[in-house]
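> The chain contents come next:
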Amino acid sequence: MAERILMKGNEAIAEAAIRAGCRHYFGYPITPQTEIAAYMAKRMPKIGGVFLQAESEIASINMVYGAAAAGMRVMTSSSSPGISLKQEGLSYIAGSDVPALVVNVQRGGPGLGGIQPSQSDYFQATKGGGHGDYRTIVLAPASVQEMASLTIKGFDLADKYLMTAMILADGTIGQMMEPITFEDAEIKTYDKPWALTGTEGKRKHNIVNSLYLKPDELEKKNFERFEKYAEIEKCEAMWEDYMMEDAEICVVAFGIASRVAKNAVAAARSEGIKVGLIRPITLWPFPNKAFEAAENVKAFISVELSMGQMIEDVRLATGCRKPVTLCNRTGGMIPSPDEILEAIRNAGKGV
Amino acid sequence: MDHKRLTLFAGHYGSGKTNIAVNYALSLAGEGKRVCIADLDIVNPYFRTKDSEGELSRAGITLISPRYANTNVDLPALPPESYRLVQDKSSFGVMDIGGDDRGAFALGRFAEAIKEEGDYRMAFVVNCYRPLTSTVEDAVVIMREIEEAAGLKFTSIVNNSNLGRETTRETLLGSLDFVRELSRVTGLEVWMHTAEAEVAKMISEIPVFPLTLQKRIFDLPG
Chain Y
1 MAERILMKGN EAIAEAAIRA GCRHYFGYPI TPQTEIAAYM AKRMPKIGGV
51 FLQAESEIAS INMVYGAAAA GMRVMTSSSS PGISLKQEGL SYIAGSDVPA
101 LVVNVQRGGP GLGGIQPSQS DYFQATKGGG HGDYRTIVLA PASVQEMASL
151 TIKGFDLADK YLMTAMILAD GTIGQMMEPI TFEDAEIKTY DKPWALTGTE
201 GKRKHNIVNS LYLKPDELEK KNFERFEKYA EIEKCEAMWE DYMMEDAEIC
251 VVAFGIASRV AKNAVAAARS EGIKVGLIRP ITLWPFPNKA FEAAENVKAF
301 ISVELSMGQM IEDVRLATGC RKPVTLCNRT GGMIPSPDEI LEAIRNAGKG
351 V
Chain X
352 MDHKRLTLFA GHYGSGKTNI AVNYALSLAG EGKRVCIADL DIVNPYFRTK
402 DSEGELSRAG ITLISPRYAN TNVDLPALPP ESYRLVQDKS SFGVMDIGGD
452 DRGAFALGRF AEAIKEEGDY RMAFVVNCYR PLTSTVEDAV VIMREIEEAA
502 GLKFTSIVNN SNLGRETTRE TLLGSLDFVR ELSRVTGLEV WMHTAEAEVA
552 KMISEIPVFP LTLQKRIFDL PG
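As you go down the protein sequences, you meet chains Y and X in turn. Each residue of the first sequence is one higher than the one before, starting from 1 at the first, in my numbering. Each residue of the second sequence is one higher than the one before, starting from 352 at the first, in my numbering.
Think of the hints as simulated: they come from the structure by calculation, not from any bench. Think of the CB as a built atom: it goes at the ideal place given N, C-alpha and C, for glycine as much as any other residue. It is possible that some hints are incorrect.
[What the hints assert, rightly or not] Covered stretches of chain X (chain Y as the covering partner; in silico rule of three or more C-beta atoms under 8 Å from a C-beta of chain Y):
# : segment
1 : 475 to 488
2 : 505 to 518
[Said to hold, decoys possible] Computed, partial: chain X to chain Y, Cβ under 10 Å:
#  : residue
3  : Y364
4  : G365
5  : V394
6  : N395
7  : P396
8  : Y397
9  : F398
10 : T422
11 : G450
12 : R453
13 : T522
From just these sequences and the hints, can you work out the full model?
Next comes the structure, spelled out in structure tokens:
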């Protein structure tokens, strides 16, 4: 058995990235994700990698764009306000079809908001964020172990589909410590014949660019890109079912909210309420199949650390045929298991 | 247990400094001593001594913490009252220092006064199951970085090797070779081994300081 080590969620992301072959990190400090940069600053120089604290978030995402264009496994990390600053670069990366890993350890918003955990960047992460028609693969870890495994997965998906994969975590998972194991995960590498590595006079030069002078060419590119997105929606959705076999009420929650919700679901089961949990692991693509399978469910509860963002995808996934209620806290507050239990009891009255 | 007038807990971030500082202060108070604890962590705004405000105040312990601790203000400022810890020699002082060398800069301010009084213990809190202090060489690097930033040398080692909620007696016993080697290389005493009270009472081979008070964000199942 591989060795158990005690890690913070943020450290697990950094270590996993290094194990996945990332040797280029560009970032700018912000609570509550600074441990990622601190870890990279300590480790990268020892393994021949690059850690660079850029002059701003905008600079760091454009450094990511450059390193990605050169074919490197590259990442940046930030928290909500910093991720907003990176949106222009993320749109350029999408328009250039290069792979990158971006980590958002969310904090309360809008604006400067606060430093406590939040999930209120769901819309920004899953619906675009920057300008133009594009998608981002969004992975939502719910444990320190998953911070590691989904980071490795994120690099793989980014390289496979030539786009940004985002780890959408929150301040709690970033800061909390849990024992984890780094299995000897197979790290896949991908040929990158498009990368800007220098022609050495032997081939035609490559171009990485998001500017199209002819509208018909840009349109063609957009259609092609969306064929790729359709493939991802078909093949890459991930979720966890918990006590869903005979569930009549279904709690939907991701990340830290799902950890609290599991407590509440278990407590409600002991009261005889037939309740289960769907935990989306990919937020885009949203795991619609999980909801097709939940045809016996009579009511859904979306538990979120936001004013209700994922709830729209839950309604779409259920075809608006079932009632979906919201159980939420915001601004850095986290719902207690009792608050969620109460929401389950209320939903149960209508079933 | 012998006590110095001032006890400083420093180490790698996430090594357990705050938890140990709070439990040590409570045990000093339990021996009937006047105790003052200062939160000098200017690095991590998430986990604070202030989380234990209620327990400390019930034990009659004076808590000095940054005005903005446990708020949304991410402001690395030292509380002005922290000088009291150094100046008021009628109380036992416990200092919770922020992680790594960056956190230890806060100590530089008090280093001369602490050295002059000469009645202190500066403890290096270490967990060999943490990735950046899992070898003696790595732990020594972090130790030296902290000493340089703080302007003070460590006098002691606190072995807080644990795997969170998965900690068993074997977890702590499995760290003894590491800690003995760290002690041999640095010439520092192993002042105490620490573990959550439930684990501590299962260990009879070595004395273990029980961490009775545990602060977690909240109880999270798998």
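> Could you run down the list of hints and mark each one as holding or not?
Structure-based check of all given hints:
| no. | hint | verdict |
| --- | --- | --- |
| 1 | 475 to 488 | holds (count 6) |
| 2 | 505 to 518 | holds (count 5) |
| 3 | Y364 | 7 Å, holds |
| 4 | G365 | 6 Å, holds |
| 5 | V394 | 8 Å, holds |
| 6 | N395 | 8 Å, holds |
| 7 | P396 | 6 Å, holds |
| 8 | Y397 | 5 Å, holds |
| 9 | F398 | 7 Å, holds |
| 10 | T422 | 8 Å, holds |
| 11 | G450 | 9 Å, holds |
| 12 | R453 | 8 Å, holds |
| 13 | T522 | 9 Å, holds |
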